[in-house]
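Participant: Residue numbers (our numbering), protein chains in the order written: chain A, 14 to 112; chain B, 3 to 525; chain C, 998 to 1645.
Treat the hints as calculated values from the structure; they're not laboratory data.
Only a predicted model underlies this, so the values are computations on that prediction, with no experimental measurement involved.
Please note that the accuracy of each hint is not assured.
[Said to hold, decoys possible] When the alpha-carbon atoms are kept at most 25 Å apart in a straight line, the in silico BS3-like pairs for lysine-lysine are as follows:
no., chain 1, residue 1, chain 2, residue 2
1, C, K1368, C, K1476
2, C, K1546, B, K515
3, B, K463, B, K298
4, C, K1159, B, K393
5, B, K463, B, K393
6, C, K1368, C, K1546
7, C, K1062, B, K495
8, B, K473, B, K463
9, B, K473, B, K298
10, B, K393, B, K298
11, C, K1159, B, K463
12, C, K1062, C, K1052
[Stated by the list, open to error] Label pairs and their computed distance ranges (CB to CB):
no., chain 1, residue 1, chain 2, residue 2, range
13, B, S386, C, G1407, 38 to 46 Å
14, C, L1641, A, F96, 40 to 48 Å
15, C, A1644, A, D105, 54 to 62 Å
16, C, R1643, A, F96, 53 to 61 Å
Quick reminder that beta carbons are idealized off the backbone N, C-alpha and C, glycines included.
One-letter residues, chain by chain:
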Amino acid sequence: MNPVNYLYLAALLFTIGAAGVLIRRNAIVVFMCVELMLNACNLAFVTFSRMHGNLDGQIIAFFTMVVAAAEVVVGLAIIVSLFRSRHSASVDDASLMKL
Amino acid sequence: MSFPLLTATAALPAIGAVATAAVPAARRTAAKWLGLAFSLGTLVLAGIALARFEPGGDRFQLTESHAWIKDFGVRYELGVDGIGLALMALTALLIPFVILAGWHDADPLETNSSRWRPTQGFFALILMVEAMVILSFEATDVFLFYILFEAMLIPMYFLIGGFGDRAHSGSDENAAAQRSYAAVKFLLYNLVGGLIMLAAVIGLYVVAGSFSLSEIAEARANGSLSMATGTERWLFLGFFFAFAVKAPLWPLHTWLPNAMGEATSPVAVLITAVVDKVGTFAMLRFCLQLFPEASKWATPVILVLALISIVYGALLAVGQRDIKRLIAYASISHFGFIILGIFAMTSQGQSGATLYMVNHGISTAALMLVAGFLITRRGSRLISDYGGVQKVAPVLAGTFLIGGLATLSLPGLAPFVSEFLVLVGAFAAYPAAGIVATTGIVLAAIYVLVLYQRTMTGPVKAEVQGMADLKARELVVVVPLIALLLFLGVYPKPLTEIVNPAVQHTMSDVQKKDPQPEVEAAK
Amino acid sequence: MENLIALLVAAPLLGAAVLLCGGRRLDRAGHWLGTLLAAASFVVAVVLFTDMLGKGAEDRALHQKLFSWIPVEGFQADVAFQLDQLSMTFVLLITGVGTLIHIYSIGYMEHDERRRRFFGYLNLFLAAMLILVIADNYLLLYVGWEGVGLASYLLIGFWQHKPSAATAAKKAFLVNRVGDMGLSIAIMLMFTTFGTFAYGPVLEATGETSEGKLTAIGLMLLLAACGKSAQVPLQSWLGDAMEGPTPVSALIHAATMVTAGVYLIVRSGAIFNAAPDAQMVVVVVGAVTLIFGAIVGCAKDDIKKALAGSTMSQIGYMILAAGLGPIGYVFAIMHLVTHGFFKAGLFLGAGSVMHGMNDEVDMRKYGGLRKYMPVTFVTFGLGYLAIIGFPGLSGFFSKDKIIEAAFAKGGTEGWILGSVALLGAAITAFYMTRVMLMTFFGEERWRRTATPSPDAPDVEPAAETRGEHAEPHPHESPKSMTIPMIVLAFGSVFAGGFFSIGDRFLHWLEPVTGHDHGDAPIGASTVTAATMVALVIGVAIAWAMYGRKPVPVAAPRGSLLTRAARRDLLQDDFNHVVLVRGGEHLTRSLVYVDHTLVDGVVNGTAASMGGLSGRLRKLQNGYARSYAVSMFGGTAVLIAATLLMRAV
């Protein structure tokens, strides 16, 4: 199978993720879309690794996964505490730093 | 290695500032005495520097040089010529009087209040300014000078914005707003000038590869460094703009009346008699020495601006209703004279300009501090709130008159010597400029005498009744200043002896010769 | 001997310093100290004078250099004194009359609580005036020049609580400053032309420069002289200066300071001799002032202001004579000295009259005072006869010589100037007779002051505030006041004769000023006869108007000229409208411009910056998604730009 198709898929996933981040208001969904974008990137990295025949892309994909895991921890914690204080998970409601 | 006298002269007030600030809140009086002691110590050191200086010797004396930021060739280089020394001595001389005059200016508003009002801070900031100004008169490294030039804005900002004149009209909030407006205006104006200068400083480094004044001057003299005409002019303008803001030259003057009006009178003296002198000093030291060709190129425009300053400042002084703003506009007129003297590029003009800086410092200090005593007594800065003070407080009125007469350059008092030298120097090179500047002496008489007449003579106003005459502390401030004005008016030789060789060096830097008198030229 | 010269100045200067700084401790003895030091200066002057008489005419000049004042490259100003015959004449006049007036002031100022300070100022004046006349260069002369201006300012405004006095003092100083501007420009011109401003080198080198330069210097010196000597167009301050105490008017505004302009012109004779155009202007100024002052003097009802007009006119004579060149220099100085005697005497007499009349100055409220003040009457009368040029008295000799010299100028000019001088003599006779008649003769109009006159509102309240009753009790003044008057009367009678017999004064001054007899178109006796005729006409008209019929207490409306003359021929109104009002408008509009335009640019920059940041702030709306959009947009733009760059 032509590896370029994987790149098309990565681009598609990235676009879906980006559109979700921009359009959706629910913080959880926005968050998931960010994950989607990260994973699209991972896919692209792995594909490039395969195409170029070296391991650089796979190594970076691992880094990305680590960062994504850390981000999940911090991000979910923020979203939960945000929900607690404002009783809403909408990102637009959180336009002020202090209430 | 010999004792680093110049560093010590600047370091002592800096140490004093820290020490004064560290005095516990409750012991305000101790902080005042400590500040005074440190300023007097600085005066002693400046006196020693004066004594050690040999008028006929090297151009820069008492030099010190240490590497500072090696990668950029920035050095900690100090040295004084006669001009820097005279101004350094003036600064060291005035600060004790400023501190004494401002003895109660930063006291807590309610007596026995435990609330901390930063009395300590007031005196610490004054000493900080003193340290920076003195060091800037000594710096012979352009970068070092630039840092000090900018850094002195910080304590000045707090002095203007934090300690306003308690005599104000209108509500307290209104006064606070006015004050912070004045302080911010002062800061922004000078910062803009400073940033343009920073660009020029960097440009100079790129072109010359050094920050050292002596190195650059030497390289220019022996031809190993030549600047393109355009480059030199741009760099000159960058430096000059900063100094013209600080001096201040028309039309960059509008921060001065606000700052001097809102600050307490000792701080106003600090602004006009000490800090502003750095601007005119730097024109003489840096503009002329680093960019002689560009200086000559810009002379016509600068002379016109200086003449406008002289006449415009004096006319606006006539139209003021606020005593302190009047003195501020008078100062603008006087700065016009100083710049006229510098850029006339004659020996008389430049010697006169240097003497003018010193004499203007003393005379404005005398006038402004007495005005401050007057304003504190009555609680108003408006001229129309006074009348007949002469009757109730004759000594105050007498000293005020002497300060005023010095401001209008009466012969016998020091400012006459310098003003006449500037006029003669300007007239010799540019007769028309000399004649226009002469109108300044008539206008000066108008604003001084009108001020004196409205405040001191006539029937005694009810609010002025019972006004106390000068107290011992105030006399200690005023009498030495007046004595000095008289002495330097009758016998300015000690000062001219120091200044003349430095002026001759500057004249040879710009490669100018005095115009010959007609009769001798004919021979 | 030359070391004594500095002592002349040092004595009064010491007095001024001690009296002004000494505080109230000196209140009781201050006036004696001041008088003593003035007298000491006079004694030194006499010693120097006798020494000078013992020498030959050519080596009489003494020179003393004290120290180098302003040593700057190419610029030498020394504190050095030069005492030649011209300076000596002035020194004797200043210290002599000055001492007399100190003595007079002891009595006159007896009830003033600030008497000590008054004597301090008087001493300061003497010191400055002496510096003015014995300086050996123009810059030091300038010091004295402004010094006497300061002393005059302080003394005119001595009664500062009176707004009119404070205003008059300020006016005097300001008008003088305009003149000073002329002097400083003249000095600057000398410096660029000759490289120095010491008398010797400048006056010897006049031949080496162009006439244009010398004319410019001469005109600037004349401007200075106009300011100090109250000549048209800078004469307006002298009338107001009469607000000062009368001894001040006598010493400063009659005998000495106002004659400094004459000194300046005579001293700079070499410059004027080589610049005939400047000389012409000097003559015109003198002639115009001569008539101007005389006309003003005719209309004033205030005795001191009438005398002030007369002073102006008499100095006009001197300036006229000085402008004639070597023909007139000696006579200008001679008239200056005799005028110093009789005008000081007249002012002291006026002061004595005021002293006895509750400080009333309006002559319409005098009359018949000769019975009550015999000494004052006689001394004032002698001064009067001297000033109108009664044969045999001082004024006769000195004024006659000036009129002769004016004719001797030759040509049409000579005739015009001579006629003007003669006309001036007639008017002088008129107004002085008027003063004499209104004050000492006629009915005792002061008895009627119980009914206040509506025409003198500014005089009446002054008397009332001092709580004095309406009717004064004229009385003779104390000895300390009458003795100086008697001494001055002696001078008024005999000085002119003493100087003129055998041309003593001419021989004394000639080595300094030079002399030229000119060629008079008419003989000396003809001139004297014409002067006598003018005198008789003047006196006769005055007698017809003020002697034969009673003088009304309220001033009549008078002709157009009279009304204008009462207002100093409208010069003050002109000044007020053009200079004061115009200046006020100028400064006010400049304050406005500074605030709105110059500061407006600054504040405008600040405001537009504020506005811009206000707009930009809107972008930071706090919505995470809009930040995300801008991030995406920005990234997209960057990527597109990178790709485009690649493609190109």
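Participant: If a hint holds in the structure, say so; if it doesn't, say that too.
Facilitator: Evaluated hints:
1. K1368/C <-> K1476/C: 18 Å, holds
2. K1546/C <-> K515/B: Roughly 76 Å separates the two Cα atoms, so the pair is violated.
3. K463/B <-> K298/B: 54 Å, violated
4. K1159/C <-> K393/B: 11 Å, holds
5. K463/B <-> K393/B: The given pair, whose Cα atoms are some 10 Å apart, holds under the 25 Å limit.
6. K1368/C <-> K1546/C: Holds, at about 20 Å.
7. K1062/C <-> K495/B: 15 Å, holds
8. K473/B <-> K463/B: 21 Å, holds
9. K473/B <-> K298/B: 50 Å, violated
10. K393/B <-> K298/B: Judged against 25 Å, a Cα distance of about 53 Å means the pair is violated.
11. K1159/C <-> K463/B: 13 Å, holds
12. K1062/C <-> K1052/C: OK: K1062/C and K1052/C at ~21 Å, within 25 Å.
13. S386/B <-> G1407/C: 38 to 46 Å: This hint is violated: roughly 60 Å between Cβ atoms.
14. L1641/C <-> F96/A: 40 to 48 Å: Taking Cβ atoms as reference, L1641/C and F96/A lie about 44 Å apart, which means the hint holds.
15. A1644/C <-> D105/A: 54 to 62 Å: Once the Cβ atoms are compared, 39 Å apart, the range 54 to 62 Å for D105/A and A1644/C is violated.
16. R1643/C <-> F96/A: 53 to 61 Å: The hinted range 53 to 61 Å is violated for R1643/C and F96/A, with Cβ atoms some 45 Å apart.
Figure legend: structure checked against the earlier numbered hints; hints not met, in rising order: 2, 3, 9, 10, 13, 15, 16.
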